[in-house]
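> The task is simple: from the sequences and hints, build the whole structure.
Listed here are the chains, written in short residue letters.
2 protein chains.
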Amino acid sequence: MKAVILSSGGLDSTTCLAVAVDKLGKENVSTVSIFYGQRHARELSCARAVAEFYDVNHYEFDAAEIMKNSSSALLNSSTKTLEHSSYAEQIKNNPRVETYVPFRNGLMLSMAASFADGLYNGAEVEIYIGVHQDDTAVNAYPDCSENFIKAMREAIEIGTYGKIKIVAPFLGKTKADVVKIGTSLEVPYELTWSCYERGEKPCGKCATCIDRAKAFAANGLIDPALKSFGK
Amino acid sequence: MKAVILSSGGLDSTTCLAVAVDKLGKENVSTVSIFYGQRHARELSCARAVAEFYDVNHYEFDAAEIMKNSSSALLNSSTKTLEHSSYAEQIKNNPRVETYVPFRNGLMLSMAASFADGLYNGAEVEIYIGVHQDDTAVNAYPDCSENFIKAMREAIEIGTYGKIKIVAPFLGKTKADVVKIGTSLEVPYELTWSCYERGEKPCGKCATCIDRAKAFAANGLIDPALKSFGK
Chain A
-4 MKAVILSSGG LDSTTCLAVA VDKLGKENVS TVSIFYGQRH ARELSCARAV
46 AEFYDVNHYE FDAAEIMKNS SSALLNSSTK TLEHSSYAEQ IKNNPRVETY
96 VPFRNGLMLS MAASFADGLY NGAEVEIYIG VHQDDTAVNA YPDCSENFIK
146 AMREAIEIGT YGKIKIVAPF LGKTKADVVK IGTSLEVPYE LTWSCYERGE
196 KPCGKCATCI DRAKAFAANG LIDPALKSFG K
Chain B
-4 MKAVILSSGG LDSTTCLAVA VDKLGKENVS TVSIFYGQRH ARELSCARAV
46 AEFYDVNHYE FDAAEIMKNS SSALLNSSTK TLEHSSYAEQ IKNNPRVETY
96 VPFRNGLMLS MAASFADGLY NGAEVEIYIG VHQDDTAVNA YPDCSENFIK
146 AMREAIEIGT YGKIKIVAPF LGKTKADVVK IGTSLEVPYE LTWSCYERGE
196 KPCGKCATCI DRAKAFAANG LIDPALKSFG K
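Heads up: the protein sequence lines correspond to chains A and B, in order.
The opening position of the first sequence corresponds to residue -4 in the working numbering, with each subsequent residue numbered one higher.
The opening position of the second sequence corresponds to residue -4 in the working numbering, with each subsequent residue numbered one higher.
What the hints contain is simulated information worked out from the structure, not anything from laboratory work.
Where hints are given, some of them may not hold.
Treat identical chains as interchangeable: a pair holds within one or across any two.
[As the list claims (entries may be wrong)] Below are the PhoX-like pairs computed for lysine-lysine, each with C-alpha atoms no more than 25 Å apart in a straight line:
1. Lys160 - Lys145
2. Lys168 - Lys145
3. Lys(-3) - Lys158
4. Lys21 - Lys196
5. Lys145 - Lys158
6. Lys87 - Lys175
7. Lys75 - Lys158
8. Lys63 - Lys160
9. Lys200 - Lys(-3)
10. Lys63 - Lys21
11. Lys158 - Lys87
12. Lys175 - Lys21
So this is what it looks like as structure tokens:
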């Protein structure tokens, strides 16, 4: 069995990578990162660093052209200032959160499926994606939901003669659970980047920084990335 | 309602375009063509000609990098000679037909969904795809099947806050039915290209040429593209 990990260089996907390497061995695991015009492009260099740490093959693709008309606040082309509030707060005002990127996970999973099916020439491949319960608790990101993953899993399995399967190991788990699993697997969280801002170190105020800090705190830990970046 | 048509410059997708323009008006319709490294890249210039004929906005995207490792005989990088037999014949030897391109329709639908959701900024959009019963009768292309479309439709609808819907108007219809519908809508079939070969005119021998000729014959017609190309 081969595995391709959708890697953003963030906490969740890096923990996915650790889980896959632990299960299948690094020689059977690759990472794929996709540039879609995100403002926090630093995550791509983190994805490279993480792939290097685990000594796995790493591939990058560019989907920015597809997203060029999107008004998402998460895109580098956006002039919006990010809201500094939790998703639960944001969703009260607008069901479509400002950092939603059009069908992002669907596009990434499809790109990974096409790539993996070509790379491994029709062998069985698992595609890992790090979505978890907190992404969907307030349904801020519909393309992280269990129903979404279920439908994409079915589409990809049917569309690839049953060869490519989506694995979402953290579905139903919280981000605190993810940190717990990752800590037991000694994930190098100091290499990972989650913040949506463009600073030298995590802002500590955006929705994803808030969630990340809480997940470490729930495990009695302080996020090592707070010390490793922006020295 | 807006519509984005996945246009290959071929018979099925051009008929889709005609159906959408007839239903919604040309000002609400756009075409999207995706280059994925196909050997018959002529279809892209046909897609442009067809968009010009219908006077709709036309967009092109490049996904060739994603497919670069695929051994599909349909790719320009392939050194294989295409089998000159029907899909029904081909499938007897190998369930994975040589012209299968990894998760192609899944990737294209996802690209169209991301693009359309960005372009129309969260408005309701229908994405048309020209799959039909003959594509799936022998299950040569699993990413044309009814179950596949159903799963992708669900994934895209969930993943875009319910805004983007897949429309596959020819599901359950034969290619002969498509020609019948298109003929009644005066589709300029002389502008369309289906052949998988790289010739100046359709080869008449590849699986898709065979299917196309039969579809016209079933309507008592001769394919006008046989006269319009390669003069």
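> Against this structure, judge whether each hint is valid.
The hints, checked one at a time:
Proximity of Lys160 and Lys145 under a CA criterion of 25 Å is satisfied in both settings, with 11 Å inside one chain copy and 17 Å between copies. Proximity of Lys168 and Lys145 under a CA criterion of 25 Å is satisfied intra-copy only: 16 Å inside one chain copy versus 28 Å between copies. Taking the shortest alpha-carbon separations for Lys(-3) and Lys158, only the intra-copy value of 11 Å comes in at or below 25 Å, while the best inter-copy value is 35 Å. For the homomeric pair Lys21 and Lys196, neither the shortest alpha-carbon distance inside one copy (30 Å) nor that between copies (49 Å) is at most 25 Å.
With identical chains, the CA atoms of Lys145 and Lys158 are at most 25 Å apart both within one copy (16 Å) and between copies (19 Å). Taking the shortest alpha-carbon separations for Lys87 and Lys175, neither the intra-copy value of 30 Å nor the inter-copy value of 50 Å comes in at or below 25 Å. Proximity of Lys75 and Lys158 under a CA criterion of 25 Å is satisfied inter-copy only: 23 Å between copies versus 42 Å inside one chain copy. Taking the shortest alpha-carbon separations for Lys63 and Lys160, only the inter-copy value of 21 Å comes in at or below 25 Å, while the best intra-copy value is 29 Å.
When the C-alpha separation of Lys200 and Lys(-3) is checked against a cutoff of 25 Å, the pair qualifies neither within a copy, at 38 Å, nor between copies, at 38 Å. For the homomeric pair Lys63 and Lys21, the shortest alpha-carbon distance between copies (23 Å) is at most 25 Å, but the shortest distance inside one copy (35 Å) is not. Taking the closest pair of Cα atoms, Lys158 and Lys87 come within 25 Å of each other only across two copies (19 Å); inside a single copy the shortest separation is 41 Å, beyond that limit. Proximity of Lys175 and Lys21 under a CA criterion of 25 Å is satisfied intra-copy only: 21 Å inside one chain copy versus 54 Å between copies.
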